[in-house]
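Engineer: Quick note, the sequences are listed as chains A and B, same order. Last residue of the first sequence? That's 363 in the UniProt record's numbering, and every number before it is there in order. Last residue of the second sequence? That's 363 in the UniProt record's numbering, and every number before it is there in order.
No lab work stands behind these hints: they were computed from the structure. It cannot be assumed that every hint is accurate.
Unchecked claim - Below, simulated DMTMM-like cross-link-like pairs (lysine to aspartate or glutamate); rule was C-alpha separation at most 20 Å, straight line:
1) A:Lys185 to A:Glu269
2) B:Lys204 to A:Asp56
3) A:Lys204 to B:Asp56
4) B:Lys51 to A:Asp56
5) A:Lys95 to A:Asp78
6) A:Lys51 to B:Asp56
7) B:Lys82 to B:Asp17
8) B:Lys204 to A:Glu97
9) B:Lys363 to A:Glu38
10) A:Lys204 to B:Glu38
11) A:Lys90 to A:Asp56
12) A:Lys363 to A:Asp303
Said to hold, decoys possible - Pulled from the structure, derived: some chain A residues nowhere near chain B, Cβ distances all over 10 Å:
13) Thr115
14) Glu286
15) Glu353
For glycine and all other residues, C-beta sits at the position ideal for the given N, C-alpha and C.
Protein chains: 2
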Amino acid sequence: MGKVEIVLNSLPMSGGDGPNSYSKNSHLQRRTTSLLKETIDKLILEKLNAKTLISDSNTFHIADLGCATGPNTFFLVDDIIKSVETSLRKSNSSKPEFLVFFNDLPHNDFNTLFTSLPQDRSYFAVGVPGSFYGRVLPQSSVHMVVTVGATHWLSSVPKEVLDKSSKAWNKGKVHYSNAAKEVVKAYRDQFGRDMEKFLEARAKEIVSGGLLVVGMCGIPKGMPFSNLADSIMYKSMADVLTQMQSQGLISEEHVDTFNIPIYSASPEEVTVLVERNGCFTVESMELMDPTAWRLKRPMNVEDVRHWMVCIKATMGSLFINHFGEHLLDDVFDRLTAKLVGLTEKIESSYREEVMLFFALQRK
Amino acid sequence: MGKVEIVLNSLPMSGGDGPNSYSKNSHLQRRTTSLLKETIDKLILEKLNAKTLISDSNTFHIADLGCATGPNTFFLVDDIIKSVETSLRKSNSSKPEFLVFFNDLPHNDFNTLFTSLPQDRSYFAVGVPGSFYGRVLPQSSVHMVVTVGATHWLSSVPKEVLDKSSKAWNKGKVHYSNAAKEVVKAYRDQFGRDMEKFLEARAKEIVSGGLLVVGMCGIPKGMPFSNLADSIMYKSMADVLTQMQSQGLISEEHVDTFNIPIYSASPEEVTVLVERNGCFTVESMELMDPTAWRLKRPMNVEDVRHWMVCIKATMGSLFINHFGEHLLDDVFDRLTAKLVGLTEKIESSYREEVMLFFALQRK
């Protein structure tokens with residue numbers, strides 16, 4: 001099995017609906033979805049000509065790429081449907097039917113997704129197994145595609161950072177944060193190749209006039225990742241793994257080959273990639289502040305615990321795949337303990353405009 | 001939770017791909033699929049105007065309703081795609097894209113289905129959770145619907161057979177085979193209502209000119225079910241349950257309320273239902289002989305064991321839902337032992353034209 005496959009298999013969020021599952025621990029993602037509600041509503045009303053798009057079939061097709069197991073995807077879809085219905089009412093159109101494609105990797109827990117679909121939903125629901133870095137749907141088959149919190153996940157760890165003979169060999173670190181410039185470049189290049197494939201596939205799948213809406217990890221142009229609060233988490237992760245290595249719990253090679261394939265993009269670099277693709281117009285490209293939601297009080301131990309439970313639900317399978325299931329709790333217990341002592345440093349980090357939102361329209 | 005829901009939840013085939021799973025024990029269904037290959041190919045070439053149907057989108061949409069976890073559904077879909085491609089080549093059309101809707105109940109093991117999808121498949125695959133006795137797809141969204149080995153499963157046990165005060169109260173039996181005429185009528189009426197809903201939903205989903213192909217349990221008009229080999233199995237099942245009741249392993253009420261919601265239809269009664277629906281023309285309506293495959297030697301112990309493993313994979317969840325998982329193996333061990341002593345009786349039963357095949361075209 002090649003590297004790409006290994007990473008692809010490890011990426012899905014934690015399945016089921018137990019206490020450590022993604023479905024129970026994705027409040028951060030829910031906040032992002034809420035934050036986008038108003039923006040998406042405005043886009044649909046102002047940019048999407050729903051009446052013309054569905055004139056043939058009277059069925060509106062929505063896809064959520066990287067939907068995980070719910071429930072956030074259900075809220076997002078409900079919001080979109082309400083906006084499209086409003087738009088159609090305004091143009092005196094008859095009520096359409098809705099088909100929603102819920103996409104994620106084949107190893108995502110679709111059983112949990114399907115059994116937790118809202119009983120009173122107003123749409124036909126289908127699941128689409130496959131990587132969104134390739135085609136997952138037929139040509140011109142969808143009117144609106146959304147993907148929230150998914151496209152910062154690279155298709156694989158850049159191969160250079162795993163290569164001992166490369167200048168990008170990322171020994172002792174788990175991310176490009178605080179790493180050599182060659183490592184940063186390897187991640188950036190990988191993101192560029194992935195986003196190129198992502199846009200190519202969507203250009204084929206989305207009808208002319210359809211919308212592509214993306215919310216993902218972002219960063220202001222030119223800002224080093226080490227300014228961000230997440231860099232403290234990645235540094236602490238590396239420290240925990242090194243500590244566990246020194247205690248003989250994991251091997252040096254395992255630590256050195258562990259990298260988290262997440263990349264935070266700037267609006268400017270995505271704009272370049274969209275222009276290079278050439279099939280979309282940019283309707284919106286902005287950084288947003290997800291911390292506007294945060295409580296106006298100092299971060300406490302419970303906040304850190306809650307944060308780590310969410311991170312464990314999203315990144316857990318990556319650790320399990322690399323180190324084995326038996327070490328997962330130990331890693332996260334140590335990480336939580338470490339971060340509890342770093343709350344002041346986290347709070348003084350840059351945490352404002354770290355969500356990139358963009359909306360493209362298929363030409 | 002109402003009766004309907006209980007039965008719907010219990011219907012899915014056994015999940016996973018372990019030794020007792022449906023995916024490893026559905027050879028009988030595979031035989032049925034093979035038997036239909038030639039007939040379906042002929043239908044597509046002679047009746048389906050694929051070129052006209054897909055002229056707008058150049059995408060051909062197929063649905064397999066009641067697909068279970070594979071792999072039979074993959075063979076069936078491959079055969080259909082090859083036939084459609086042949087048909088399109090003959091009309092000098094460009095190669096289309098294919099979208100396949102794999103449908104089954106929400107509790108079906110879609111995770112196994114999705115992870116076992118052929119890697120080299122030539123179609124986009126989506127999963128559709130929902131009962132095919134209601135709408136599962138948008139209006140006019142599919143060109144060809146197949147369902148093999150699924151529509152003999154009723155949406156629920158007819159409520160009269162569970163009603164102590166009814167003449168159709170089916171005490172001590174598990175099926176309408178050898179039962180009072182009121183029980184037979186209750187099953188027949190339930191099938192009529194279910195098939196009515198099935199045809200109504202498909203009439204909305206299938207485009208004009210599209211095909212609906214069904215393979216299910218059948219029986220010649222007027223033949224009592226007790227003539228069929230399966231009646232010996234149902235009688236033995238009832239005997240096993242009564243025995244276990246007398247040994248205090250299960251309660252009388254549990255035995256009396258256990259009924260297998262499977263109905264074998266005659267071509268004539270389906271024809272009446274199709275005509276009443278009015279949206280389809282009958283292109284084919286025939287009984288087929290699945291036993292043409294059978295070895296020309298007496299049935300032996302291994303044959304019975306193999307048969308029971310298949311039955312366990314398809315009906316197992318029904319037993320688990322009603323009696324609990326701990327009794328499943330015991331029930332099937334006793335049943336197998338009983339049937340091993342009845343091979344001559346089974347062989348002298350009617351086993352020829354017990355598969356009903358019909359093909360309808362949407363007007």
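Engineer: Now tell me, hint by hint, if it's right for this structure.
Structural biologist: We went through each hint and held it up to the structure:
Only pairs whose Cα atoms come within 20 Å are accepted, and Lys185 (chain A) paired with Glu269 (chain A) is accepted, the gap being roughly 13 Å. Using a Cα cut-off of 20 Å, the hinted pair Lys204 (chain B) and Asp56 (chain A) holds, with the two alpha carbons roughly 15 Å apart. Restraint check for Lys204 (chain A) and Asp56 (chain B): satisfied, since their Cα atoms lie roughly 15 Å apart, inside the 20 Å limit. In summary, the hint linking Lys51 (chain B) to Asp56 (chain A) is supported, as the alpha carbons are separated by about 18 Å, within the 20 Å threshold.
Pair hint Lys95 (chain A) plus Asp78 (chain A) holds up; C-alpha atoms about 15 Å apart against a cutoff of 20 Å. With a C-alpha separation of about 18 Å, the suggested pair Lys51 (chain A) and Asp56 (chain B) falls inside the 20 Å cut-off, and the hint holds. Proximity of Lys82 (chain B) to Asp17 (chain B) is assessed by CA-CA distance (about 27 Å); at most 20 Å being required, the pair is judged violated. At roughly 12 Å between alpha-carbon atoms, Lys204 (chain B) and Glu97 (chain A) fall within 20 Å of each other, so this suggested pair holds.
As the CA atoms of Lys363 (chain B) and Glu38 (chain A) are separated by approximately 44 Å, the hinted pair breaks the 20 Å bound. At most 20 Å may separate the alpha-carbon atoms for a hinted pair to count; Lys204 (chain A) and Glu38 (chain B) exceed this at roughly 35 Å. This hinted pair checks out: Lys90 (chain A) and Asp56 (chain A) have alpha carbons roughly 19 Å apart, not beyond 20 Å. For the hint linking Lys363 (chain A) to Asp303 (chain A), the alpha-carbon distance of about 44 Å lies beyond 20 Å, and the restraint is violated.
Distance to chain B contradicts Thr115 (chain A) as a non-interface residue, since its nearest Cβ pair spans about 5 Å, not more than 10 Å. At roughly 32 Å from the closest C-beta of chain B, the C-beta of Glu286 (chain A) stays outside 10 Å, upholding its exclusion from the interface. The non-interface label for Glu353 (chain A) is consistent with chain B: the shortest C-beta to C-beta separation is roughly 36 Å, beyond 10 Å.
Taken one by one, the earlier hints fail for this structure at numbers 7, 9, 10, 12, 13, listed in ascending order.
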